[in-house]
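Engineer: Chain by chain, the residues:
There are 2 protein chains.
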Amino acid sequence: MALLVVGSVALDTLTTPAGKVEETLGGSAIYFSLGACCFDTVRIVGVVGPDYPMSEKRFLAERGIDVRGLTTGQGPTFRWEGVYGPDFGDARTIRTELGVFASFQPKLPESYVSTECVFLANIDPALQLDVLEQINDPRWVAVDTMNLWIDQQRDSVLKVFSKVNIVFVNGSEARQISRKKNLFDAASFILDQGPKYAVIKLGAAGAMIFGGEKPFILPAYPLEKVVDPTGAGDTFASGMLGYLAGSDSELDFESMKRGLAYGSVNASYAVEDFGVEQLRTMDRNSVDQRLEYYLSTNQLEMGR
Amino acid sequence: MALLVVGSVALDTLTTPAGKVEETLGGSAIYFSLGACCFDTVRIVGVVGPDYPMSEKRFLAERGIDVRGLTTGQGPTFRWEGVYGPDFGDARTIRTELGVFASFQPKLPESYVSTECVFLANIDPALQLDVLEQINDPRWVAVDTMNLWIDQQRDSVLKVFSKVNIVFVNGSEARQISRKKNLFDAASFILDQGPKYAVIKLGAAGAMIFGGEKPFILPAYPLEKVVDPTGAGDTFASGMLGYLAGSDSELDFESMKRGLAYGSVNASYAVEDFGVEQLRTMDRNSVDQRLEYYLSTNQLEMGR
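As you go down the protein sequences, you meet chains A and B in turn.
Under numbering that gives the first Met the number 0, the residues of the first sequence are numbered 0 to 303, in order.
Under numbering that gives the first Met the number 0, the residues of the second sequence are numbered 0 to 303, in order.
Because the hints were derived from the structure by calculation, they are not lab data.
Do not take every clue at face value.
Stated by the list, open to error - Below, a list of computed lysine-lysine pairs in the DSS-like style, where the Cα atoms sit at most 30 Å apart:
#	chain 1	residue 1	chain 2	residue 2
1	B	179	A	224
2	A	256	B	256
3	B	179	A	19
4	B	162	A	256
5	A	179	A	256
6	A	256	B	179
7	A	179	B	224
8	B	224	B	256
9	B	19	A	180
10	A	213	B	180
11	A	213	B	213
12	B	224	A	213
13	A	224	B	180
14	A	224	B	256
15	B	106	B	179
16	B	224	A	195
17	A	179	A	224
18	B	180	B	162
19	A	180	B	224
20	B	195	B	224
21	A	224	B	195
22	A	19	B	195
23	B	213	A	224
24	A	179	B	19
On a predicted model such as this, the values are computed, not experimentally measured, just so you know.
Please model the entire structure based on the sequences and the hints provided.
Structural biologist: Shown next as structure tokens:
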């Protein structure tokens, strides 16, 4: 089933303990598209400026990503600059230049409106709701958000949650939106809004799914070297949702569990090098090989 | 195979966000003994004062623990008082009264010297070395330590590591003793000292074993409610080593993995209530039931 993503498209300048890169491909929709395109057809909705490198737009198309929804607006492409501390925790933002992203109004091309699977990446919840109005009876919708929107538009975020099937949040976002300290309570609060599943990302501690009879948890992919955590969350979502879309899943819990494993694997590609470098060449075969390794580090028996 | 533990025996006063308990059973050797005694015969070496409750010493014996090595010295029992912050992280020590523990010189009863399996819980590494001199050709030895000894007697700690089969440390201890920031590098350093396995405890993020072809990682037991983290590390070790001793394991990696799972399960009993309360009544049957639940929250298929 085809997979639509709506989100940011940016040029990132990133400094991590491992070095610095400038004006590299970034944005939630880009990380997600590159991570999901080896699972299924991906359709992207986003906006860039005329300054966005043509070669990169071509590259996205060459990866099989449907870029008809990637429009070119009047003004510079969204720029973000961030610096990571020695522990690779949350980045400190040095510079945000929204450019064309400031007036982003997602408009789905006619060829997108019947897409079966939808990922509303982290953008203004008002825009997420607007996309839901445009989409025609999707099989499932997943959403991500961030502390900024929970701070400023909590009600809108909750409204989005009530209209989707899967909510992605990290631990602190889960606590923030639920106003509960305990993650189990936070997950219950999210599920009470209506989604079938809440996926709580815990960074190096892995990720949990709530919504089945029991919680399900997998540790993070065991990486010897972290280079750049940018995009880890979106790439995690790309593995999980790419797998679910590609396998025509009905969102049963067993599929969700396996999707979680693919999410961890995909995220490992994102953080092992700067920006999207490793996502440029990943393919389903390498993903499946990495999945096999990953599961051998956290599953008691190989009979899977 | 019988399992010997040498460590502290204390009366703890604990304040956590969930409440306060005073003068409750504590100490690494007690948590370990109570956690391991449902797997195999446990022999304890430690010291108490005449003020240690007789009823509690009787209780230990009733649990099947061999207390012939639990001697009564001249002076008060070791007291420790700690307060946990809202995140249940490391406790702040309010009071330490070493009492008889200050001059503790472990002396193995004759009936203990041929014990097959040994756990040197967190005590002065000089005393750990002394115990190794007294023990007669054990099948395997595991050791725990803490930041204090790494600070003050790093060389002695390394010497202990060189003489044992399994090293238990938490993430910060691993980094401290290895002087490496990366956990994989820290684990390599520890393994270079000679032990077959390094087990790195990561609290709520689970635990890892290094020493196999690949690392192995399991998340922590998913607990809805944490009451008191005191003793979690020792109880973790009790599940892992109790399982290895009880199953006559030759320390192959598959046994270690399953031991890790038992460690996580045992630790859940420790943190779910104050002090050793839940360890008082746990039995192998309830442990195995809890293991089944635990594995269903982190294993993709039940075919184990």
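Engineer: Does residue 180 of chain A lie within 30 Å of residue 19 of chain B when you go C-alpha to C-alpha?
Structural biologist: holds, 20 Å
Engineer: Just to be careful, I want the Cα atoms of residue 19 of chain A and residue 195 of chain B compared with a cutoff of 30 Å; is the pair within it?
Structural biologist: Measuring from Cα to Cα gives roughly 39 Å; hence the hint is violated.
Engineer: Quick one, are residue 180 of chain B and residue 162 of chain B close enough, alpha carbons at most 30 Å?
Structural biologist: Holds, at roughly 25 Å.
Engineer: Residue 179 of chain A and residue 224 of chain A were given as a pair; does the straight-line alpha-carbon distance stay at or below 30 Å?
Structural biologist: violated, 34 Å
Engineer: Does residue 224 of chain A lie within 30 Å of residue 213 of chain B when you go C-alpha to C-alpha?
Structural biologist: holds, 15 Å
Engineer: Keeping to a limit of 30 Å between CA atoms, is the pair of residue 162 of chain B and residue 256 of chain A held or broken?
Structural biologist: violated, 41 Å
Engineer: For the pair supplied as a hint, residue 195 of chain B and residue 224 of chain B, confirm whether the alpha-carbon distance does not exceed 30 Å.
Structural biologist: violated, 35 Å
Engineer: What's the verdict on residue 256 of chain A and residue 179 of chain B, does the C-alpha distance respect the 30 Å limit or exceed it?
Structural biologist: Judged against 30 Å, a Cα distance of about 34 Å means the pair is violated.
Engineer: Is residue 224 of chain B within 30 Å of residue 195 of chain A, Cα to Cα?
Structural biologist: holds, 23 Å
Engineer: With the threshold set at 30 Å, check whether the alpha-carbon distance from residue 179 of chain A to residue 256 of chain A stays at or below it.
Structural biologist: holds, 25 Å
Engineer: So if I understand the rule, the pair passes when the alpha-carbon distance is 30 Å or less; does residue 179 of chain A with residue 19 of chain B pass?
Structural biologist: holds, 23 Å
Engineer: What's the verdict on residue 256 of chain A and residue 256 of chain B, does the C-alpha distance respect the 30 Å limit or exceed it?
Structural biologist: Cα-Cα ~21 Å, so holds.
The structure is inconsistent with the numbered hints 4, 6, 10, 15, 17, 20 and 22, although it conforms to all the rest.
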